[in-house]
Each structure stands twice: as structure tokens, then as C-alpha cells.
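Peer 1: Starting from the given sequences, assemble the full structure and let the hints guide the process.
There are 2 protein chains.
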Amino acid sequence: MDHVNKYIESNKDRFLEELMELLRIPSVSADSNHKNDVKRAAEYVKDSLLKAGADSAEICATSGHPIVYGEKMIDPKMRTVLVYGHYDVQPPDPVDLWTSPPFEPVIKDEKIYARGACDDKGQVFMHVKALETMIRNDALPCNIKFLIEGEEEVGSDNLAKWTRENKDRLKADVILISDTAMIGNDTPSIESGLRGLSYVEVELTGPNRDLHSGVYGGAVANPIEILCRMIASAKDADNHVTIPGFYDDVTVLTGEEREKLNKAPFSLDTFKKELAIDDVHGEKGYTTIERIGIRPTFELNGIWGGYTGEGAKTVLPSKASAKISMRLVPNQNSEKITRLFVDYFESIVPKTMKMKITRHHGGEPVVTPTEGVAFQAAEKAMETTFGKKPIPTRGGGSIPIVAMFEKELGLKSVLMGFGLDSDGIHSPNESFGVFNFLQGIRTIPHFYKNYAEMAG
Amino acid sequence: MDHVNKYIESNKDRFLEELMELLRIPSVSADSNHKNDVKRAAEYVKDSLLKAGADSAEICATSGHPIVYGEKMIDPKMRTVLVYGHYDVQPPDPVDLWTSPPFEPVIKDEKIYARGACDDKGQVFMHVKALETMIRNDALPCNIKFLIEGEEEVGSDNLAKWTRENKDRLKADVILISDTAMIGNDTPSIESGLRGLSYVEVELTGPNRDLHSGVYGGAVANPIEILCRMIASAKDADNHVTIPGFYDDVTVLTGEEREKLNKAPFSLDTFKKELAIDDVHGEKGYTTIERIGIRPTFELNGIWGGYTGEGAKTVLPSKASAKISMRLVPNQNSEKITRLFVDYFESIVPKTMKMKITRHHGGEPVVTPTEGVAFQAAEKAMETTFGKKPIPTRGGGSIPIVAMFEKELGLKSVLMGFGLDSDGIHSPNESFGVFNFLQGIRTIPHFYKNYAEMAG
Chain A
1 MDHVNKYIES NKDRFLEELM ELLRIPSVSA DSNHKNDVKR AAEYVKDSLL KAGADSAEIC
61 ATSGHPIVYG EKMIDPKMRT VLVYGHYDVQ PPDPVDLWTS PPFEPVIKDE KIYARGACDD
121 KGQVFMHVKA LETMIRNDAL PCNIKFLIEG EEEVGSDNLA KWTRENKDRL KADVILISDT
181 AMIGNDTPSI ESGLRGLSYV EVELTGPNRD LHSGVYGGAV ANPIEILCRM IASAKDADNH
241 VTIPGFYDDV TVLTGEEREK LNKAPFSLDT FKKELAIDDV HGEKGYTTIE RIGIRPTFEL
301 NGIWGGYTGE GAKTVLPSKA SAKISMRLVP NQNSEKITRL FVDYFESIVP KTMKMKITRH
361 HGGEPVVTPT EGVAFQAAEK AMETTFGKKP IPTRGGGSIP IVAMFEKELG LKSVLMGFGL
421 DSDGIHSPNE SFGVFNFLQG IRTIPHFYKN YAEMAG
Chain B
1 MDHVNKYIES NKDRFLEELM ELLRIPSVSA DSNHKNDVKR AAEYVKDSLL KAGADSAEIC
61 ATSGHPIVYG EKMIDPKMRT VLVYGHYDVQ PPDPVDLWTS PPFEPVIKDE KIYARGACDD
121 KGQVFMHVKA LETMIRNDAL PCNIKFLIEG EEEVGSDNLA KWTRENKDRL KADVILISDT
181 AMIGNDTPSI ESGLRGLSYV EVELTGPNRD LHSGVYGGAV ANPIEILCRM IASAKDADNH
241 VTIPGFYDDV TVLTGEEREK LNKAPFSLDT FKKELAIDDV HGEKGYTTIE RIGIRPTFEL
301 NGIWGGYTGE GAKTVLPSKA SAKISMRLVP NQNSEKITRL FVDYFESIVP KTMKMKITRH
361 HGGEPVVTPT EGVAFQAAEK AMETTFGKKP IPTRGGGSIP IVAMFEKELG LKSVLMGFGL
421 DSDGIHSPNE SFGVFNFLQG IRTIPHFYKN YAEMAG
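Protein chains in written order, with our numbering: chain A, 1 to 456; chain B, 1 to 456.
Source of the hints: derived by calculation from the structure; they are not laboratory data.
No residue lacks a Cβ here, since even glycine has one placed at the ideal position from N, Cα and C.
Among the hints, erroneous ones may be present.
[What the hints assert, rightly or not] Computed spacing ranges between beta-carbons, pair by pair:
#, chain 1, residue 1, chain 2, residue 2, range
1, A, E310, B, S233, 24 to 30 Å
2, B, P350, A, H3, 32 to 38 Å
3, A, E274, B, E310, 27 to 33 Å
4, A, E310, B, F266, 34 to 40 Å
5, A, S32, B, A264, 28 to 34 Å
6, B, E310, A, I107, 30 to 36 Å
7, B, K284, A, N185, 55 to 61 Å
8, A, F266, B, T358, 33 to 39 Å
9, B, A139, A, P350, 53 to 59 Å
10, B, R24, A, C60, 50 to 56 Å
11, A, L268, B, K354, 39 to 45 Å
12, A, S32, B, S233, 38 to 44 Å
13, B, M454, A, E310, 41 to 47 Å
14, A, I348, B, K354, 26 to 32 Å
Peer 2: Right, here's the structure in full:
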């Protein structure tokens, strides 16, 4: 692999420049004002694949944002790897907390700062540049298909349908995804399980208009207060979720399994220090690793209502809203949990309020196999480039499409991510280490080599 | 009073036009971007007083927004009435709920729609035009002083100091204020008590940055959730406020007093229908009239935190904030209640959170005398113009300066307001009836006549 490494070393500045170009496109899928930017990002990814040496690449329209599909077929008898990723990004809000503009990428302290730097443009681009590197150095031992979507951050609404309609063309042996994080640059790890997601938005309406809190206060139910009470009632004093049936389907791990899980290197002091918190907080009876990895959650993502400007305004507002998401663990079902939530909130909403619940995207929890050849090929690849065997972890985040691919294509995924928790994805000042970006490009060719050899 | 009525009738269109001119100035005292507009409104009020025939009128600088002071002295031996009002207005948010722009007044269905139409520009302007009317018709039997401030909506921070420093010039026999509402145009009423106010803003900070709710959710305390729990804990199931000591100083009314209070015309059905609510809500053991008039409240005026945009963002936010106000009843003290609130929240905030509490303006509850000559002069004036004796009511709103004037100047106030609860002050589409505006101008000269005669 000497040629490969030399090629990466001598082209790394150009690789970075090309990534920066992609990061400059504000492809925020959640914001309809950015529809054209999302399309521009798709075009850029398509062009990059063609420049890297793909046989073909195209923009596939959906009823939402488009999917980029490309392939490099070496030999139909060889193994085929389907690379999944997404070129859309989270909204950059709150923008005023960024130290540099979210769509004007800069490199500071060996990190690329931009929205999407890690999630997932940076990680997608590792695969594009690894493809180029392998093709130029005659080091590609597998067929590769790329499926890069533009709706991951808004629930991949059109991906399942498109996947079903393109089953033949998506035929492969395994799916390779870089959209997760490692424990650290000196502690490589690979995700072997991901939580599912159920995401809802609740709007309460009390009086038909904002009222003067002096004239009406005390006699008319306040939607903010009622919403707070309903939210507070969803957990008990031990931080167990009180929604009836919420834990019914949770797979209970054995004492041995939990013990193994808790052996992952983790420092509570570092964790607290890094977040500047005096204490952690969560479900009684579980460690921080367990709370993140194997337990479902009930989390507030946003709340708003009434007067939120400068100073004081004595208003009794008409409406209050909250965005609530629940992370799900294996054997829980997103649709069922959403239904249990709706049932519970409907059972406790007082008749002084009108309630509207909007269902945002959901996704199923998954466990990826650690015994298969593909996982081992990834493990060995990381061991080669990092000099340490990666640790299998159970991640807290969700990639709902992993369960969908398993269902629609019958394919398992390998989650070989190169991000770090400190990259601040979904936060202001998202970053991606220059080392991590290049290390991904170095590791991916090893994966293909190992996989071709091991799968035979 | 025939001349007076004729004068009003033949000048009413001009009176309305001049009011519209004042309403066009966005004098939002809470928003520092409107500082110059606030000043422009002060100039307009000053000029109006001079045009109406005041001997003098001036803009008095304070360390905040200026005070307009003017006077018309007939004879030092005659009674002197001090008219108080304010020319600043509430912020117009949420602007998108207005059917016409808040600072482009229009008359529709016999109502003037604009921010400040009722609160308090429209009501202040009644006094200016009544002054003009009385002067032009030689019908002014008292000396009049005008004190029109620009910081009522932000807590009248500089008024007490200015009042203390101008005691001599403010010498008067009574204060007349139109900044309240009546029960209805066919049911005139006069406020005889007002609740005080304690207004705080709470900010909780959990982790030092917004986190990915998948990567951290379940293991790190969520400031929105904690804030909701703290808010929910401030009332029990009977909607009694649980802050220790909160009710300690509340004056308890006798059964007889409560009975009398509940005799005020009030239809629960109309109340619910008008607000489009299925039920009222409040402290157990009290009627709606009592909940508004004689009981203190704990009210949420605003809440915000996390992602509040379109769609879904899986963020575990760093911060959450709420604006909370407490209405106080006679014998409660604003500073003490604020302290009890702070003590309570400090006692329940978990160590996973950092809390910052900002104190916004406060004000003391007051009871105005219904036996005095000034109240009776107002009662008789309204009886003359409305054809019905007005009902004394206990209002829910606060005019903190009433207690301040009593303390600093030793003067009682008469709260002769001409608004209606349906005017939607502090709400989108604030309005003021054309009838109410003109009826105010017609009633005020009767007040002066009655007061001069009755006080001798």
C-alpha cells in the first residue's frame, strides 16, 4: 500500500480544498429556502465521483431532495460494497454561537470548522477520495456503489421507496457507512449498535389569542405551564420514563453483557470536565455508558412560547410548543413508541388545551454483527492504520437507514466512522480533524483489500 | 356642557387623525432599537399639550426614556389634578399575527387597530383632547398637570426618582389615570384595586454547548426538561403556588367582601366563548372573578430553548430560559415575593445546572379608595355620559406607579379607564373603540366639573 499512502500524502492539500468547496454549499435539508443549495451539493458530489474515476454517477430525483448514485464496476465476479452517506446538513442554528461562519470553512488547530465538516460531508468525501486513490493506484479489489442521499437530517423520507425501486442496481455484498464517531484518535472504535428514533412536536393552544397576564392571569390555563407539567410528568424521580409501555420491548442485557460494555475506556471525570457539568444525570441503576448505549431516552430538543425577546412583557400566551425525541434500543419499534407517546399525552392533556402532535422522522434501532467478515475487515483496517485494534461500541445516535437497508436489501452494514464526540455535530462550531479526514482516506483502501481477501 | 359636546362632535375626525399620527410612532420602550422613536413620541405628546393650550410642556430627560411634563394653571386656589399616563408601548410581537401592521393604524368596524391604541396612547390622548376642549370652551374648573412617561411597559424605572426630585412641581390634590378597562360599553366600571407585580427571568445552563441528543441523550441533564420540572413544581394539584411563604401576607377577604365582589356582572359562558376555551383554570376554592381580582398568581410569560425552527434537529441544548411573573394582591410586597421565588428556585435547582435569575420590574399592589370625593366625581361623570352608575371592580393588571405616587407624593389615584378587555392590549391586533376614545373625551370634562364642585 506504499503507492496509496504516497498518493494521499502528495494530494492531501487538494483533497482538503475540494472538501472545503463542498462545505461552502449550505445544503440544509430542513430549510426549504436552501432547496437549490441542496441540489448544488448533490451536483458537486456527482461531479466528484466522476472526477475520482467512477464509471457513472447521476442525480436521481425523488419527491424530496435528490439522491446521488454512482458506481465503479471492476468485475461482476468480485465482491461489491455499497457506500452510503449523506450530503445534507443540519441547520446551523444558533448561528451567533459560531466563532466562524458555518458555511465558510476554516482550518484552525488542525481541525476543519464548518457545518457538515464531520456529519457527513467530510466522511462522505473520505470515500470519494479513497476511490480516486485506489483507482489511480490500481488498488481497487472490489466493485463499489455509492448511494449518497440529501435527506438524512430530515428523516430519509424518500430513501426507502427509492431503494425498493432500485433493488437490482443496489445489489451488493455489504454496506459501508462512515457517519459515526470513534472513542478517540488514540482509541479507535467501531459502532456495533445504534439507537432508533421517534421524534414528535407538540403544540398546545389555550386561549384563542395572547392575553394580558394581569387581566386574565390566574383564571385561564397557561399553555407554557401546562406543557411544562406534561413534560415533567413523563419521567419519575428516578428518571424512568413514565409513558405506559415505554420499556415493554427493551431487550434486557445479561449481567455479563453489561459488564463487558462497561469495560470500554471511559472517564467520568473527563466526560464531566469536557461538558463543564458538575454531575451527570440519567436513569437510576445504569452507568453513563449504559444510559447512552442500551437504554431508551425521552429528550427535549426544543421549546418555545410567549414572549422571548428583550425585557419584560406580561403576556399569557395562546400557544406553547416543544420538540421531543425518544431514542430507542434494539427490539423497540419507532412507530409503536410514537403511538405510546401520543396516547400518553392525549390521556393527560387537560380540557383547557387543544393539542396538535406532529410526527417527525423515526427510525429503528439496530445491532450490527461483529462476527461477520466485513466487520473484521474494518477492524483489521483500523488496526493497521491506527496501530490498535478498534473497540466495538454501542452508540447513542441513530442511523435509521441501517434497519431500512437490512429490510429492503437484506444487507448488513459496517459503521466505520472517523468522527469524534468532540466534533460537535448538530452543534455550533462543528469540526472534523484534518488527521481524521486523512486517516479515513488511508484506512478505507485497507478495508477493501481485507474484505476482498477475507470474503474470497 | 352643550358647548363642550358640540365641540367634541365637530372636531372628532381631527382628534382621531391626531391620535393616528401618535400611533404611527413605534415607541417600543423595551427595544433599544426604538430609542429614537420613543423620543419622537415624547415630542409629539409635548407638542400636543402645547397645541391643546397648556401653559407649558417640556421633555424631561431621565437616565432612560424621557418624561413629558406639562401644566395648565387656572388659579392656584383651585383644585389641582395630576394626570398620569404613558406614551411608550409593548413590543408588537408576534408581528405575523397582526392583520394590519401594528404601527400603521386603521379604523375597522368602529375600532382603531394599532399597538398602543388603548394602552396607553389612546387613553392619554383622550386627556389631551379633553384639555383642548375645556380650554376652548372655557370649561376648565381645575388646574391640570400632565405627567406622561415613556417607561411604563419596562417598569417605570426612572419615574420614582424623578417624582421625588420634582415633588414641588407635582403638588396636586389627586391623580387621574386612564390606563385600565371597563367591564363593557353598556356596563361602565372603575378599578378600585390593582395587583402588584414581580417579574423574573430564569436561565438554566447545562452542558457548555449544544450536544447531539443521540450521542449524549440520557446521560446529561437537559436544561429544558429541568426547567419544566422546576416550573411544574411551583404549583400543586390544586393550583396553589408552592413557593414557601408565597401567601403569607395575602389579605384575606371576609365572606361578605367576597360575596359583594362576586356580584359584579360576569358570565362564565361569555368569558369561555370569547377566549375559545373549554374550561377555565385556576386556584381551587376561588371563582374566576376572585382568581383575577384578589388572589396572587404565578404565570409563565415566555419560554425558549433548543431548536425552535422548522423540522427536526436532534439537539440536547446547552440552555433554556423562561420569563415568569407573579401578580400580587394587597399587603404582598414585590421585593419579598421576588426573594421568595429566588430562594425557592435556588433550593430546587439540581447541581447539573447553573442558574441565572434576572429581576425585571416589580410593583406594589394597591387599593384605591371608593369613598373619596375624586372617586365619586369619576363615578358621577361616567353615570352622566353612560347613563349608568359604574361598578367598582378589582382589576387583575398592575399599575405599579399608583403605589409609588402614594408613597412619594401622598396622593391617591382614580383609575378611570375606558378600554375593554377585548381590546387585546399586549396582544396582536390591539384596538380601541372609536366610541370609547370619544366617550373618554366627553366624560373627562364632567370629572373636572364634579370634582371642583364636590371638593369645593
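Peer 1: Each of the hints needs a verdict: does it hold here or not?
Peer 2: Quick rundown of the hints versus the structure:
no., hint, result
1, A/E310 <-> B/S233: 24 to 30 Å, "holds, 28 Å"
2, B/P350 <-> A/H3: 32 to 38 Å, "violated, 57 Å"
3, A/E274 <-> B/E310: 27 to 33 Å, "holds, 31 Å"
4, A/E310 <-> B/F266: 34 to 40 Å, "holds, 36 Å"
5, A/S32 <-> B/A264: 28 to 34 Å, "violated, 51 Å"
6, B/E310 <-> A/I107: 30 to 36 Å, "holds, 31 Å"
7, B/K284 <-> A/N185: 55 to 61 Å, "holds, 60 Å"
8, A/F266 <-> B/T358: 33 to 39 Å, "holds, 37 Å"
9, B/A139 <-> A/P350: 53 to 59 Å, "holds, 55 Å"
10, B/R24 <-> A/C60: 50 to 56 Å, "holds, 54 Å"
11, A/L268 <-> B/K354: 39 to 45 Å, "violated, 19 Å"
12, A/S32 <-> B/S233: 38 to 44 Å, "holds, 40 Å"
13, B/M454 <-> A/E310: 41 to 47 Å, "holds, 46 Å"
14, A/I348 <-> B/K354: 26 to 32 Å, "holds, 30 Å"
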